[in-house]
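First to last, the protein sequences are chains X and Z. Take the position in the first sequence, starting the count at 1, then add 210; the result is the number in the working numbering. Take the position in the second sequence, starting the count at 1, then add 7; the result is the number in the working numbering.
It is possible that some hints are incorrect.
Claimed, not checked - Straight-line distance between alpha carbons at most 27 Å, and here's what the computed BS3-like set of lysine-lysine pairs gives: (1) Lys-112(Z) x Lys-310(X); (2) Lys-735(X) x Lys-633(X); (3) Lys-170(Z) x Lys-281(X).
As the list claims (entries may be wrong) - In silico contact screen, one side only, chain X against chain Z (beta carbon under 10 Å); selected entries: (4) Arg-236; (5) Arg-276; (6) Val-278; (7) Gly-318; (8) Thr-359; (9) Lys-762.
To be verified - Far from chain X by the CB rule (all over 10 Å, computed), these chain Z residues: (10) Asn-72; (11) Ile-132; (12) Asp-138; (13) Val-204.
Just so you know, these hints were derived from the structure itself, not from any lab. From the three backbone atoms N, C-alpha and C, an ideal C-beta is built for every residue, glycine too.
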Amino acid sequence: MLLAVLTVIQLLTALFVLNATQNASRQQQIQRLKVGINVFSDMLANRNLQLNQSLLLLSADFGFKRAVATKEQETISSVLSNHGKRINANAAILLSPQGKLLSSSLSGLTEDDVNDLFIQHNNAENNFVILNFNHASYQFVFQPVKAPTLIAWVGMGFLLDEKVAKQAKAMTGIDISFINSTSQRIEIVSTLPRALSEQLAQASVNFTDTTLAVQDNYPENYLSQVIQLDLKSESQWVVLHQSNQRWQASYQQLRNNMLMIFALTSILAFIVAMWVTSGLTKPIDALVHFAKKVGQGENPSKIEGAPAELQTLADTLSTMRNNIEQREQDLLYQSEHDSLTGLLNRFAAETKISQQIIGLTGTLLLIDIKHFRQVNDIIGFANGDQLLVSFAERLSRLALDVTLLARLDGDAFLLLLADEIEKAELAHHLYGVVMPFNVAGSKITLAIRAGIVQLNGLYLHTDTLFRHVEIALNHACNQGEDAYVYQEGDDAKYQRELSLVRDLPLALTQGQLHLVYQPKVNIQKNTCYAAEALIRWQHPELGFIPPDEFIKLAENSGNISMISEWVIAEAIAQASAWHQQGLDITVAINLSAHDLMDDTLPMRLAEQMNTINLPTYTLAIEVTEGAVMTDTETTIHVLNQFEAKGFHIAIDDFGTGHSSLAYLKLLPVNEVKIDRSFIKDIHQNATDHMIVDTSIKLIKGLHLSVVAEGVETPLGIDILQKMGCDIIQGYVYSKPIKAVEFQAWVTNFNHKADQSA
Amino acid sequence: MLICRFQVLIVTAYFLLSLPLYAASVRFHLSDTSLAGVSDAVVELVAENPVSSPAVNIHEMKQSNRIFSPFVLAVQQGDKVEFPNFDRTRHHVYSFSPAKTFELKLYVGKLEAPIEFEQPGVVAIGCNIHDYMQAFIYVAQSPFYAVSNAQGEVVFNDLLPGKYTVKVWHPWLTKPFDDSAFDLIEEERVIDLKVDVHYQEKPSSPPSGFTLNSTSNESENIHAD
Numbered sequence: 211m212l213l214a215v216l217t218v219i220q221l222l223t224a225l226f227v228l229n230a231t232q233n234a235s236r237q238q239q240i241q242r243l244k245v246g247i248n249v250f251s252d253m254l255a256n257r258n259l260q261l262n263q264s265l266l267l268l269s270a271d272f273g274f275k276r277a278v279a280t281k282e283q284e285t286i287s288s289v290l291s292n293h294g295k296r297i298n299a300n301a302a303i304l305l306s307p308q309g310k311l312l313s314s315s316l317s318g319l320t321e322d323d324v325n326d327l328f329i330q331h332n333n334a335e336n337n338f339v340i341l342n343f344n345h346a347s348y349q350f351v352f353q354p355v356k357a358p359t360l361i362a363w364v365g366m367g368f369l370l371d372e373k374v375a376k377q378a379k380a381m382t383g384i385d386i387s388f389i390n391s392t393s394q395r396i397e398i399v400s401t402l403p404r405a406l407s408e409q410l411a412q413a414s415v416n417f418t419d420t421t422l423a424v425q426d427n428y429p430e431n432y433l434s435q436v437i438q439l440d441l442k443s444e445s446q447w448v449v450l451h452q453s454n455q456r457w458q459a460s461y462q463q464l465r466n467n468m469l470m471i472f473a474l475t476s477i478l479a480f481i482v483a484m485w486v487t488s489g490l491t492k493p494i495d496a497l498v499h500f501a502k503k504v505g506q507g508e509n510p511s512k513i514e515g516a517p518a519e520l521q522t523l524a525d526t527l528s529t530m531r532n533n534i535e536q537r538e539q540d541l542l543y544q545s546e547h548d549s550l551t552g553l554l555n556r557f558a559a560e561t562k563i564s565q566q567i568i569g570l571t572g573t574l575l576l577i578d579i580k581h582f583r584q585v586n587d588i589i590g591f592a593n594g595d596q597l598l599v600s601f602a603e604r605l606s607r608l609a610l611d612v613t614l615l616a617r618l619d620g621d622a623f624l625l626l627l628a629d630e631i632e633k634a635e636l637a638h639h640l641y642g643v644v645m646p647f648n649v650a651g652s653k654i655t656l657a658i659r660a661g662i663v664q665l666n667g668l669y670l671h672t673d674t675l676f677r678h679v680e681i682a683l684n685h686a687c688n689q690g691e692d693a694y695v696y697q698e699g700d701d702a703k704y705q706r707e708l709s710l711v712r713d714l715p716l717a718l719t720q721g722q723l724h725l726v727y728q729p730k731v732n733i734q735k736n737t738c739y740a741a742e743a744l745i746r747w748q749h750p751e752l753g754f755i756p757p758d759e760f761i762k763l764a765e766n767s768g769n770i771s772m773i774s775e776w777v778i779a780e781a782i783a784q785a786s787a788w789h790q791q792g793l794d795i796t797v798a799i800n801l802s803a804h805d806l807m808d809d810t811l812p813m814r815l816a817e818q819m820n821t822i823n824l825p826t827y828t829l830a831i832e833v834t835e836g837a838v839m840t841d842t843e844t845t846i847h848v849l850n851q852f853e854a855k856g857f858h859i860a861i862d863d864f865g866t867g868h869s870s871l872a873y874l875k876l877l878p879v880n881e882v883k884i885d886r887s888f889i890k891d892i893h894q895n896a897t898d899h900m901i902v903d904t905s906i907k908l909i910k911g912l913h914l915s916v917v918a919e920g921v922e923t924p925l926g927i928d929i930l931q932k933m934g935c936d937i938i939q940g941y942v943y944s945k946p947i948k949a950v951e952f953q954a955w956v957t958n959f960n961h962k963a964d965q966s967a
Numbered sequence: 008m009l010i011c012r013f014q015v016l017i018v019t020a021y022f023l024l025s026l027p028l029y030a031a032s033v034r035f036h037l038s039d040t041s042l043a044g045v046s047d048a049v050v051e052l053v054a055e056n057p058v059s060s061p062a063v064n065i066h067e068m069k070q071s072n073r074i075f076s077p078f079v080l081a082v083q084q085g086d087k088v089e090f091p092n093f094d095r096t097r098h099h100v101y102s103f104s105p106a107k108t109f110e111l112k113l114y115v116g117k118l119e120a121p122i123e124f125e126q127p128g129v130v131a132i133g134c135n136i137h138d139y140m141q142a143f144i145y146v147a148q149s150p151f152y153a154v155s156n157a158q159g160e161v162v163f164n165d166l167l168p169g170k171y172t173v174k175v176w177h178p179w180l181t182k183p184f185d186d187s188a189f190d191l192i193e194e195e196r197v198i199d200l201k202v203d204v205h206y207q208e209k210p211s212s213p214p215s216g217f218t219l220n221s222t223s224n225e226s227e228n229i230h231a232d
């Protein structure tokens, strides 16, 4: 590029200089030509003067005058010839004072020729006139012949011949040609070489007027000026030629010099350009290359042989690249690692596992710390964090082939083990992990749970794997186990549970749920005085959902209160309806452990019933043994309030929980329901018979009513009646039925009882 | 002004013989286009009825101070002119005019015989030694001729009444004068004539010795053949 610019500049400079020089020297030549023309004109004028002087002397000669005065043709011819020779005239004529031709040395000269000539002479003060005669040009001068008055005009003509041309050339220094082209016959006398003069003669046919500018090709290599000798005929010309050979030569020499300078400077420019290229462009290219590499994140090798500045720039780039890389690595590390424990985070764990998911074998563990929140609350967040760090350290030191260890969030840790591992073996290894921690001087013992997935190279998607391990952990949590190995199908169950949890709130508003009522029959009086309200869910897609399933899900997902509210509302409405119809039925509802934590519930219930004038005895409370045992103190408090409000309270599922009998004494209970598991085989299982019998005696001893659930046969009624059981609930009387059906059933049952009574 | 008083007698006689006996006079006033009087003009009156030739007169064309004098001399046909030389230099007086061609070669003083001018016409006189010297001799046919004075006046007295043709000549006439005729009946008459002349410098005597521009006014005057 630089080279091209330099070359163009050079070339332009050379062109301009040459052009200017050419113009200048042309102007110079034209000037010389003009000078030559002036000199030539002066020369002709001088010649005219000289010839005039000569002719003046001649015409003053008395002998000549006398001869002229004779008017004798012969005499006059002789004297003209004689005197003409004296001054070397080529032609001599004598004219009358009026210009009439009297005598001529040129045979054939006409009156008209002379007239023209004479008129020209009269008009051309002191200037020469030219006679065109017989293809030759004569310079003519005239003088009067006086004796003493004018008696004649004598004219003498002098040929413009080669001699004149040579004289002119000697004076002017330029070549001169006389051309006479009368009647297409071209006569030329010239100082030019013959060949050139012939060339000029050829060209002379183009001479048309006197306004021609300086010509370049009359002949070639000359600057020529054509001058018309007589204005009339356009056939007599003088051409002055300035040879341009000399300036052509000097121009050529200059041009050659210029070319040489041009060539030299071009070479110099090329060398400089090469030097610049190698000295600057190349290092810059290298730097650009270097920068590109850096930009692509590579670490290119140092640039060799570059100037210090560029080297510094490259080093700076390199340093910058290293810094960026360092920062990038930091960022990457931060993005992949948990800032607290330094373990991989969830994102990194997922990424890394997804990279090797296909055909991955071994075991995936998801471990969390039981009740970590409570632990945290106790020891403080800072210590909690320290605890987590210590825990992570222990995990990382497991004597297992742990290929990946990550902290997913909070207290959840993920371990990928290269090998399959049995639950028992795992427990053995994790034993070391849960050994007491020394936190702030206190010994903290943690309990952990693990969800386990045996990979077996079957997983294709990380999402699935993670879900499975979470399901396994959830399962362990829900089941209260330390570890659970994911089983095939758990996922489907999990998905079903998920959809149930999701659909439950909608189901409540859309009427998918309803209550059914199972009669409670006083076998001593053979009357039905109460019914247990049981919840049913007819899911539009999944069909009948067992209450155990969705109640448990609702408890786990925190939606149980929602169900409780609904049940309470429904039950109150139903109880109210029956009460107004005079049907004396107590509706028993089940309250969960969660409901029993709410010490406002008794009050709310009572108020609700009060507003519709429904006595509280129309509603009974059933609580499971398990629910009571969750938080006994609070439960007792709440139950006391229920009792105070006049609610009937029953302990459900008696015998399945781990309740101590002492509680029965403390609880404000009216009724105890013996779990169906003891009842259903009572007629054939001696142990069950003994347990029920004892329980009934015990409960009766506490002055509480006894309810036997799940009685299916009349035989069972008999046995229980003999044992002293008060109330029976079971298929033997009726399965749980809808309110309308129940109403019909109870009316019918009590009516029959009345009749039999 | 030259008046040929010697003719008076003859004219008087003529008048007495032919017509009532009184003589008339004519005064010509010659003026140029700028109304200035023209001198050196020859006026010749040719009477309708021819007049008999008078006797031969002798005139003088002298050379003094290397000029001819007078510049214009009028003579009658047959008159003679003497060419006395009052200069110390010789003169070579000549004429190539058709009316009279002669040469008087290199003489000093007075020639023995005067030159007789037999033919009417204009004779241009030159000197071969002094080219600038110039004079004219008008040879008239009629006896009535005169040369105008400095005021351009010519007076003819004692003319017989009658019809006359007027001829005018001047060396510097731009074109020949058209002859005009008039009747002379009254005693005195004044006639204005317009003469178209191209003024030139009259030859004057130069300082003796060599001078550069002694001669040669390129004259283009037309003279009568």
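Verification of the hints:
no., hint, result
1, Lys-112(Z) x Lys-310(X), "violated (32 Å)"
2, Lys-735(X) x Lys-633(X), "violated (56 Å)"
3, Lys-170(Z) x Lys-281(X), "violated (39 Å)"
4, Arg-236, "violated (46 Å)"
5, Arg-276, "holds (7 Å)"
6, Val-278, "holds (8 Å)"
7, Gly-318, "violated (29 Å)"
8, Thr-359, "holds (4 Å)"
9, Lys-762, "violated (158 Å)"
10, Asn-72, "holds (17 Å)"
11, Ile-132, "violated (7 Å)"
12, Asp-138, "violated (6 Å)"
13, Val-204, "holds (15 Å)"
Against the hints set out earlier in the document, violations occur for numbers 1, 2, 3, 4, 7, 9, 11, 12.
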